[in-house]
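Colleague: Once you've looked at the hints, dock chain B against the given chain A.
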Amino acid sequence: MTLATLSVPNAVDGTVPRPAILAATDLHKRFGGTHALRGIDFRLLAGEIVAVMGPSGSGKSTLLHCLAGILRPDTGSVTFDGQRIDDLGEAERSRLRRTAFGFVFQFGQLVPELTALENVALPLLLGNTRRHDAEGRAADSLAALGLLGLEHRRPGDMSGGQAQRVAVARALVTEPAVIFADEPTGSLDSLAGEQVMELLTAAVGSSGTGVVIVTHEPRVAAYAHREVIVRDGRASGPGAA
Amino acid sequence: MSVPHAVLGLLQQGPRHGYDLKRLVDRYFAPDHPVAFAQIYSTLARLEGRGRVRLDGVEQAEGPERRRYAITDEGVSELDRWIGSPLHPEPHLQAALFTKVVLAILTRRPVAPIVDAERHAHLERMRELTALRRTASLPVGLLADYALFHLEADLRWLDLTAARVEDLRRDVLEPRETSR
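In order, the protein sequences belong to chains A and B. Residue 30 in the working numbering sits at position 30 of the first sequence; the count goes up by one each step and never skips. Residue 106 in the working numbering sits at position 106 of the second sequence; the count goes up by one each step and never skips.
With the rest of the complex left out, here is chain A (with noise of 0.2 Å):
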C-alpha cells in the first residue's frame, strides 16, 4: 500500500445544481477604525458543507456572524431561503436564529445547570413545543451523537468530546436550514474532534442542511465541501463563492 493507492472519487457532486440556501454580497462590516469585512460574497448551497479559513482577525467569525443574523453588516445584502434577512430587527432576527439556524461554538457554550437532555432540548422549548414532545427529540438527537446513557448527566459531568457532541445535537434537534460551527473542534484532542465532526457531517448528510465552519484546522476543513479564506476582510482562494 502506498499513499499514492489511497484514492476515492471526490465526495462532492459539484454537477448537479442546487439552490443557494444562504448568499451574502459584497458585505462591509466596521468595528470602530477596524475594517473586518472589505467585500465579501458568499454562497452556500442547500446540504453544502463550506469551511471559513484565514489568520486571526482576518474577518472570518465576522463573517459567521454576518450570515448568521448575530451581526448586521453596514453595507451588502445577506438572504436566506431568497429573503432579505440583514435588513431585519432584532426580534424578528432572535426567532430565526431560534427556528431555522443552528449553532456550534468552540466551547459549546451549555447551560451548566441543567442535564443533556435538557440543554438539547432548550431550543425546542423556546420555540414552545410541548416539553414531553422537546424532551423525546432530545433523547433521539442525543442517541444519534452517540450519546445514549448521557442523557441525565451534566456538561461538568462529561468529557470535552461528550459535551461538545452534545451542543452539537443541539444544534440539530430543531432541524435547521443552515448550522453555523465556530472552531467546533478547537478545545478537543485529535480523536474527539475527529469523532464530533464524523457525527455532525453525517447527520447533516441526507437532511439537506448546510454548514458553515470556521475553523484554522485543515483536517476539520477537510470534511467540508470546499473552503473559503478570508484574509483581510476579503474571501480568496480556489474555493471562495
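I should point out that these hints are in silico values taken from the structure, not numbers from a laboratory. Some hints could be false.
[Stated by the list, open to error] Over the 10 Å line for every Cβ pair with chain B, so calculated as not near, a few chain A residues:
(1) D26
(2) R38
(3) S77
(4) G136
(5) A177
(6) D189
(7) I229
[To be verified] Below, a sample of chain A positions facing chain B; criterion: calculated Cβ distance under 7 Å:
(8) P55
(9) G57
(10) R219
(11) A221
(12) A222
(13) Y223
(14) E227
(15) S236
We put the beta carbon where it would ideally sit given N, CA and C, even for glycine.
Modeller: The following block gives chain B in isolation, referenced to the frame of chain A:
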C-alpha cells in the same frame, strides 16, 4: 528542491555564470547541503538543450573560461508554469514548496496566489483521504491519518509563510551579496 527551476529563477534576475549560480542556489535553497558544481553544470547543459537557457557570453580571464548563461522566453514560460501549478500534495513537500515561495519572491511574482493554489490542492487531497477513511479498514485508515497529519503540517507551514511573506521578501531581496 528542483535545481532546474531554482537555476531558471536565478537567471530570470539576470545572466549569471555557473559559479555564481552554484553559490546562490546553496545560499537560498540548500544552505545545509550544498549542491555539487557538476550538478549545476549538467543542469545548465540540459536546460540549454531544451531551449530554456542560452549561452550569453564566454569570458577568458586568468584561469578557466567562464560561460555566462541567460534565461530564454521558453525558460520564463516554464518557470511560470511550474510556480503556478500546485504540486501533487504528498507528505514531505516542504522543500519544493519552499523553493517555489523563494523563487516567487526573487522573481517578483505574487506569493498569495501560489499559497492559495497549494492550500486548495492540499485540502482537496485531504478531503479524498477523509472520505476514504470513513470506509477503509483500520490499517488503511491509519495510513490515511498519517498522510492527513503530514499534509496538515505542510498547510500550517504555508499559512505561516503567507503571514511572514513581507519579512521573507525583505530578507531574500536584501542585497547582502551581489553576483560576481
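Colleague: Each hint: holds or not?
Modeller: Hint check:
1. D26: holds (21 Å)
2. R38: holds (15 Å)
3. S77: holds (26 Å)
4. G136: Non-interface label stands for A/G136: nearest chain B Cβ at 30 Å, farther than 10 Å.
5. A177: holds (24 Å)
6. D189: Given a closest Cβ separation of 13 Å, the condition holds.
7. I229: Given that some Cβ of chain B is not farther than 10 Å from that of A/I229, nearest at about 6 Å, it is violated.
8. P55: Cβ of A/P55 sits 6 Å from chain B, so the hint holds.
9. G57: This hint is violated: A/G57 lies away from chain B, its Cβ roughly 11 Å from the closest one there, beyond 7 Å.
10. R219: Since the shortest Cβ distance to chain B is 6 Å, the answer is holds.
11. A221: With a minimum Cβ separation of about 6 Å from chain B (threshold 7 Å), the hint on A/A221 holds.
12. A222: Interface hint status for A/A222: holds (4 Å vs cutoff 7 Å).
13. Y223: OK, holds: A/Y223 within 7 Å of chain B, min 6 Å.
14. E227: holds (5 Å)
15. S236: Result: holds, 6 Å to nearest chain B Cβ.
Going through the hint list in order, the structure does not satisfy hints 7 and 9.
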